[in-house]
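These protein sequence lines map, in sequence, to chains L, E, B, Y, A, F, U, Z, P and S. If you use this note's numbering, the first sequence corresponds to residues 1 to 147, in order. If you use this note's numbering, the second sequence corresponds to residues 1001 to 1147, in order. If you use this note's numbering, the third sequence corresponds to residues 2001 to 2147, in order. If you use this note's numbering, the fourth sequence corresponds to residues 3001 to 3147, in order. If you use this note's numbering, the fifth sequence corresponds to residues 4001 to 4147, in order. If you use this note's numbering, the sixth sequence corresponds to residues 5001 to 5147, in order. If you use this note's numbering, the seventh sequence corresponds to residues 6001 to 6147, in order. If you use this note's numbering, the eighth sequence corresponds to residues 7001 to 7147, in order. If you use this note's numbering, the ninth sequence corresponds to residues 8001 to 8147, in order. If you use this note's numbering, the tenth sequence corresponds to residues 9001 to 9147, in order.
Since the hints were made in silico from the structure, they are not lab data. Only a predicted model underlies this, so the values are computations on that prediction, with no experimental measurement involved. All C-beta atoms, glycine included, are put in the ideal place defined by N, C-alpha and C. Careful, some of the hints might be misleading.
Partial chain F-side listing against chain A, Cβ under 7 Å, derived [claimed, not checked]:
{"id": "1", "residue": "Val5069"}
{"id": "2", "residue": "Val5070"}
{"id": "3", "residue": "Tyr5072"}
{"id": "4", "residue": "Leu5076"}
{"id": "5", "residue": "Pro5084"}
{"id": "6", "residue": "Leu5085"}
{"id": "7", "residue": "Arg5088"}
{"id": "8", "residue": "Glu5091"}
{"id": "9", "residue": "Val5093"}
{"id": "10", "residue": "Tyr5096"}
{"id": "11", "residue": "Ser5119"}
{"id": "12", "residue": "Asp5121"}
{"id": "13", "residue": "Ile5122"}
{"id": "14", "residue": "Val5133"}
Distance condition first, Cα-Cα at most 27 Å in a straight line; then the derived DSS-like pairs of lysine-lysine [what the hints assert, rightly or not]:
{"id": "15", "chain 1": "L", "residue 1": "Lys26", "chain 2": "L", "residue 2": "Lys9"}
{"id": "16", "chain 1": "A", "residue 1": "Lys4014", "chain 2": "P", "residue 2": "Lys8026"}
{"id": "17", "chain 1": "A", "residue 1": "Lys4009", "chain 2": "B", "residue 2": "Lys2017"}
{"id": "18", "chain 1": "A", "residue 1": "Lys4009", "chain 2": "P", "residue 2": "Lys8064"}
{"id": "19", "chain 1": "U", "residue 1": "Lys6145", "chain 2": "L", "residue 2": "Lys14"}
{"id": "20", "chain 1": "P", "residue 1": "Lys8020", "chain 2": "P", "residue 2": "Lys8064"}
{"id": "21", "chain 1": "Z", "residue 1": "Lys7145", "chain 2": "S", "residue 2": "Lys9129"}
{"id": "22", "chain 1": "S", "residue 1": "Lys9145", "chain 2": "Z", "residue 2": "Lys7140"}
{"id": "23", "chain 1": "P", "residue 1": "Lys8014", "chain 2": "P", "residue 2": "Lys8026"}
10 protein chains.
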Amino acid sequence: MNRNDVTEKIIATKVAKGIKWADVAKRVGQSKEWTTALCLGQMTATAEQAQVLAEIFDLTDEEKRWLQVVPYKGSLPTAVPTDPLIYRWYEIVNVYGTTIKELIHEEFGDGIMSAIDFSLDITREPDPKGDRVRVVMSGKFLPYKQY
Amino acid sequence: MNRNDVTEKIIATKVAKGIKWADVAKRVGQSKEWTTALCLGQMTATAEQAQVLAEIFDLTDEEKRWLQVVPYKGSLPTAVPTDPLIYRWYEIVNVYGTTIKELIHEEFGDGIMSAIDFSLDITREPDPKGDRVRVVMSGKFLPYKQY
Amino acid sequence: MNRNDVTEKIIATKVAKGIKWADVAKRVGQSKEWTTALCLGQMTATAEQAQVLAEIFDLTDEEKRWLQVVPYKGSLPTAVPTDPLIYRWYEIVNVYGTTIKELIHEEFGDGIMSAIDFSLDITREPDPKGDRVRVVMSGKFLPYKQY
Amino acid sequence: MNRNDVTEKIIATKVAKGIKWADVAKRVGQSKEWTTALCLGQMTATAEQAQVLAEIFDLTDEEKRWLQVVPYKGSLPTAVPTDPLIYRWYEIVNVYGTTIKELIHEEFGDGIMSAIDFSLDITREPDPKGDRVRVVMSGKFLPYKQY
Amino acid sequence: MNRNDVTEKIIATKVAKGIKWADVAKRVGQSKEWTTALCLGQMTATAEQAQVLAEIFDLTDEEKRWLQVVPYKGSLPTAVPTDPLIYRWYEIVNVYGTTIKELIHEEFGDGIMSAIDFSLDITREPDPKGDRVRVVMSGKFLPYKQY
Amino acid sequence: MNRNDVTEKIIATKVAKGIKWADVAKRVGQSKEWTTALCLGQMTATAEQAQVLAEIFDLTDEEKRWLQVVPYKGSLPTAVPTDPLIYRWYEIVNVYGTTIKELIHEEFGDGIMSAIDFSLDITREPDPKGDRVRVVMSGKFLPYKQY
Amino acid sequence: MNRNDVTEKIIATKVAKGIKWADVAKRVGQSKEWTTALCLGQMTATAEQAQVLAEIFDLTDEEKRWLQVVPYKGSLPTAVPTDPLIYRWYEIVNVYGTTIKELIHEEFGDGIMSAIDFSLDITREPDPKGDRVRVVMSGKFLPYKQY
Amino acid sequence: MNRNDVTEKIIATKVAKGIKWADVAKRVGQSKEWTTALCLGQMTATAEQAQVLAEIFDLTDEEKRWLQVVPYKGSLPTAVPTDPLIYRWYEIVNVYGTTIKELIHEEFGDGIMSAIDFSLDITREPDPKGDRVRVVMSGKFLPYKQY
Amino acid sequence: MNRNDVTEKIIATKVAKGIKWADVAKRVGQSKEWTTALCLGQMTATAEQAQVLAEIFDLTDEEKRWLQVVPYKGSLPTAVPTDPLIYRWYEIVNVYGTTIKELIHEEFGDGIMSAIDFSLDITREPDPKGDRVRVVMSGKFLPYKQY
Amino acid sequence: MNRNDVTEKIIATKVAKGIKWADVAKRVGQSKEWTTALCLGQMTATAEQAQVLAEIFDLTDEEKRWLQVVPYKGSLPTAVPTDPLIYRWYEIVNVYGTTIKELIHEEFGDGIMSAIDFSLDITREPDPKGDRVRVVMSGKFLPYKQY
């Protein structure tokens, strides 16, 4: 058994039971973004969170323990994603990558926006011409220092 | 001459003259994100915008015309970007890709968040533990339809 | 169990029973193109459609539920397809890609032809020198906007 | 000098003079799709066509000769195209590839749709919800034969 | 079950029973080249041919049906083949590729040699300095046409 | 200067002067296949052959010397060729690769068909349904030996 | 002109003048590791540092400005480095990658060792059996947080 | 059974029993770095070490023997690692690769730092601004010699 | 069952029984290099050799037959090998590849060193500064001929 | 100017003057293998050796200095070499890679054959059935040690 087996069981159980990620998140007590990433094998649970997930998804003790082990991260089967929804995000990085780089450096100097000290928030933005997906990302700026 | 030559001239002139993207954007009259993407060869200018950029960056008439031609988009030299700042964005897509997909589908059903009917806003988020980069993205949800 | 298992079962049952996609589409009530893409794991069914497919392909309740979950799309095992029929389409994109880009931009300006708000129709075109495959594609034009 | 130099000159001259592909096609006497592909280095001109293009784009005699030489075809710089417009076509092949294969085989049996004995037609399809790109492709069906 | 399972069973049965491809071809009534390609999962059988193969390789009814379904073609596990015999053919394409292109175009003009309306014949060519493999390929020339 | 420069000069001169490969071969005194491969930078000339080519293509003494140096072989810009004519050959290797392997081993045992002690002959095969390209390849069989 | 041109000029001048990185670092006033990375186009100089480098390497005013612009980072021409010295480091990541991951997580929990808030120190470690390269790396631990 | 099966069993047992690598290392009598690499399938055990691991992880005699066989090394599933912690090490090689090369050559001349006669030590470095990961690597310098 | 299954059984049995390749080779009556390559799935056995291996590794009749079938060759899971020992050989090809080419051509003219009519011999070379691996390779020179 | 420019000048001068590597090696006073690798940009010269090469190849003082700088090694343009002579060596690594690994480990235990403390010798081996290329490689065995 490995973490991937637990992820697959969670997904299959979610489909079989008709569970919603938003509801899982409420019971776990964290955002829907972090909680979904946890369930999809990208984050690490505390013992309490693992217990909550075990109840929701009928996990065994061994499966609970795997949720508390740091996983090998990366959720995509190919370097360039084929799924159209995920590809659009890859395309944004590709088309706007150098723009993002220029503007962060202009504001902050040399360094990066952290993908670790980071949060993500996805919501529906009502719009008469068609509702929109609104995404807010917040990542700590980490400067390159001289030494 | 091609669009890439114009992009390189703009960047070199920006360095030589010490111009800021935010100031270019003000004179162009659009956001700093769209304007920078335009200057970096990813967007298409109107005749008026091309004229403004020509004045800022000392462009010739032919260079101005290239700014009004739709470019072959894509700003990165490799499929997986090596630059640490841009890589962090690729990493977000890789680690959170399936999470983003699950949550958008849970809210909207099958479809995508458009990368065309799309806007991007990057700002500084003051924080006593270290300022953060705040990014707001807004993309129209486009549903897959049955036919 | 995952969506791929359902796809494989559908294909195997189709072979075993000698079912035709065109007949499946009639019972589902949508085009043969969309219905086949659904059966091959690329589209999402409504509850009613899943019920129809369950009857045709002897699917279980769990399999029916998987048909109603948005799949991770992409139907090809390699980035450049090896199958000669599918490769010809890749070749058309490769040989005519820049031509298509030029002509759509000349007519519509900067933007794309949507692959989401999109339909596909494949028919036989009788021809004394050998019948032809006629394909009609219709995708909404989505303009890049300035912001 | 090679064909690629001629292609670059044609594109640069087109930008400098503000020429439209549709007008070039009229003077060449072929469809705008074939003519554009010719100008972009994918097709081969007759002596008469080369002469017409030479007049439009101020080509030298040597450049005219290159237009009459069969080119090494393929218009994209990477196997998976980064440009969003062209990528959408790649995505259609990826998402619908197996569907297209199934339906052509259901209608015609084993074989392919030719990409050589082939024509392409791109037009604007007016639509109150937003105009659409309509593409008609016609390729001869070529059956695999037993031997 | 899929076509690949049938291919593997045919190969394993061939090894277990010591069958020769040439003998299979005689019973099928086609060339050894086409018949072997059929058995290796690249071609499509008629009902009669499937029946013959079923008798030779002890196939079930379901396996027979799979032989009559058009397969996803491509017989190599990597884009550049590692097997020395097959690599030599890849090398011929690599070293002589542009030569073949030049000579076919010099004789026929722009177009291709079909790999569909195509036959292959492999025989032993006795030679006192060491016997040779003689390969005759015949493919219909398909011209690019203007439209 | 390197061999590639000589190849490009030969091709450009051929286009400028309207020379045919078959005529070059006659003057060189070898087959059109080997001679074209030599001119395209894949084979090595004798001093006499280099002299003949120098006369045909107006080569300098240094260029003549490069023709007599063994070149770094490989004529294609990508591992999977994009040009449709050359791709068809790659497709033949891909679709028929395991078939070719099986049949050569059935006839000769373990070993390869040499791509070095090898000849290639391309001719027009008249056919009322459309002329065909006939290719005859002859390569020495080289057995793997035990040691 | 771009940053790469400045890097090439620095390297060529270093070779021509026989300068040592350690001496450059002393004049710049930072470690030899950071200073070399700066000279090789991976870090960003202050105005004072750029002035020092300009004196050492005879840089123009424009070249000095490029040193103060944040570069597109990544110093290797291929994803897997071919140079034996650099490959050994890649090999360490490949062979010890999962080990490093396990031990950092065992000590710190889920998170990463920063490559931005990071320093590197390379020294000679005398050893009677052959001197050794001693490398000390120090990177801030950045924990994944729940949100 | 192969070495990979043993690695997976060790990891699963470690998770199930809540074992720490540091404790395994103490019982094995080697560093935690080497011992973890051994357990993760990268190093080779003596009979005594295999016996110790068999007791800790409930291994069978056959599994013990596999630990004493030299493994096929390489612990990462992709050439560019997707896991953020391991990627940071890849990034260090990418950003600092040429710097490391320059400085080792400046100190030692042409040669490499061995990844075989090599040791690795990972510790926590307390820091009021956030603890750091300190890594000490020591590799024998191996000079290229002339011959 | 396929050849790979036989290879895995041979390796597992070797580990379980503590067999040495050199002893296998003695019983087979060929060199240790060829015999090991045979056992690892790269060469083809005679009936007698298969019988010897069957006795050593407890093979079934079907497994024996697989040893006599020509395998699909290539023993590495990735194009660039990750295992350090095998990588060093890849590195030799990479660093010395053009040198080897120049020297063989200088001595023999255009052609190759055969990898089929080839033998390999690996021995220990005692050396007071540390024993060495001595490898002798002998491959027939095969000249390119004109035709 | 960089090392690659020097390599290209050496090769071009060698062709123009008809120099042999064996003669260069004699004047340099090292083996033809090491000397050729030096001339092809893979090794580092002493001042005296650089002076000898400068005389042979008419090098400038700056070019001489580049020969004394450690180069970025790797002589092949692609990861899998296309040149048939060099490919045969890649094929040997591919077909015999696991065999070589097994036999070196059987003789020496876990470790590698060094590609740094290494020598290469290529000679003609007369043979009545056709002369052979004989290659002797000698690399120090470097054991993995426990720590």
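So, going through the hints one by one against the coordinates:
For F:Val5069, the interface hint is violated, the least distance from its beta-carbon to any beta-carbon of chain A being 17 Å, above 7 Å. Taking 7 Å as the C-beta cut-off, the interface hint given for F:Val5070 is violated, the closest approach to chain A being about 13 Å. Hint status for F:Tyr5072: violated, given a least beta-carbon distance of 11 Å to chain A, over 7 Å. The criterion of a C-beta within 7 Å of any C-beta in chain A is met by F:Leu5076, whose closest approach is roughly 5 Å, and the hint holds.
At its closest, the beta carbon of F:Pro5084 sits 5 Å from a beta carbon of chain A; the interface hint therefore holds under the 7 Å criterion. The interface hint given for F:Leu5085 holds, since its Cβ lies 5 Å from the closest Cβ of chain A, which is under the 7 Å cut-off. A hinted interface residue such as F:Arg5088 counts as satisfied when its beta carbon comes closer than 7 Å to some beta carbon of chain A; here the least separation is about 4 Å, so the hint holds. With 7 Å as the threshold, the beta carbon of F:Glu5091 comes within range of chain A, its nearest partner Cβ sitting at about 5 Å, so the hint holds.
Taking 7 Å as the C-beta cut-off, the interface hint given for F:Val5093 holds, the closest approach to chain A being about 5 Å. Against a cut-off of 7 Å between C-beta atoms, the interface hint on F:Tyr5096 holds, since the closest Cβ of chain A lies about 6 Å away. The interface hint given for F:Ser5119 is violated, since its Cβ lies 9 Å from the closest Cβ of chain A, which is over the 7 Å cut-off. Interface hint at F:Asp5121: violated, since its Cβ lies 10 Å from the closest Cβ of chain A, which is beyond the 7 Å cut-off.
About 5 Å separates the beta-carbon of F:Ile5122 from the nearest beta-carbon of chain A, less than 7 Å, and the hint is met. For F:Val5133, the interface hint holds, since its Cβ comes within 7 Å of a Cβ in chain A; the closest pair sits about 4 Å apart. Taken as a hint, the L:Lys26 and L:Lys9 pair is honoured in the structure, with Cα atoms around 20 Å apart against an allowance of 27 Å. A C-alpha spacing of about 31 Å is found between A:Lys4014 and P:Lys8026, which places the hinted pair above 27 Å, so the restraint is violated.
For a cut-off of 27 Å, the pair hint linking A:Lys4009 to B:Lys2017 stands: about 22 Å separates their Cα positions. For the hint pairing A:Lys4009 with P:Lys8064, the CA-to-CA distance comes to about 17 Å; that is within 27 Å, so the pair holds. Of the supplied pair hints, the one linking U:Lys6145 and L:Lys14 holds, its CA atoms being roughly 25 Å apart against a limit of 27 Å. Pair hint P:Lys8020 plus P:Lys8064 holds up; C-alpha atoms about 20 Å apart against a cutoff of 27 Å.
Between Z:Lys7145 and S:Lys9129, the direct Cα distance comes to roughly 37 Å. Violation of the 27 Å bound is thereby established for this hinted pair. Taking the CA atoms of S:Lys9145 and Z:Lys7140, the gap is near 12 Å; set against the 27 Å cutoff, the hint holds. Pair hint P:Lys8014 plus P:Lys8026 holds up; C-alpha atoms about 15 Å apart against a cutoff of 27 Å.
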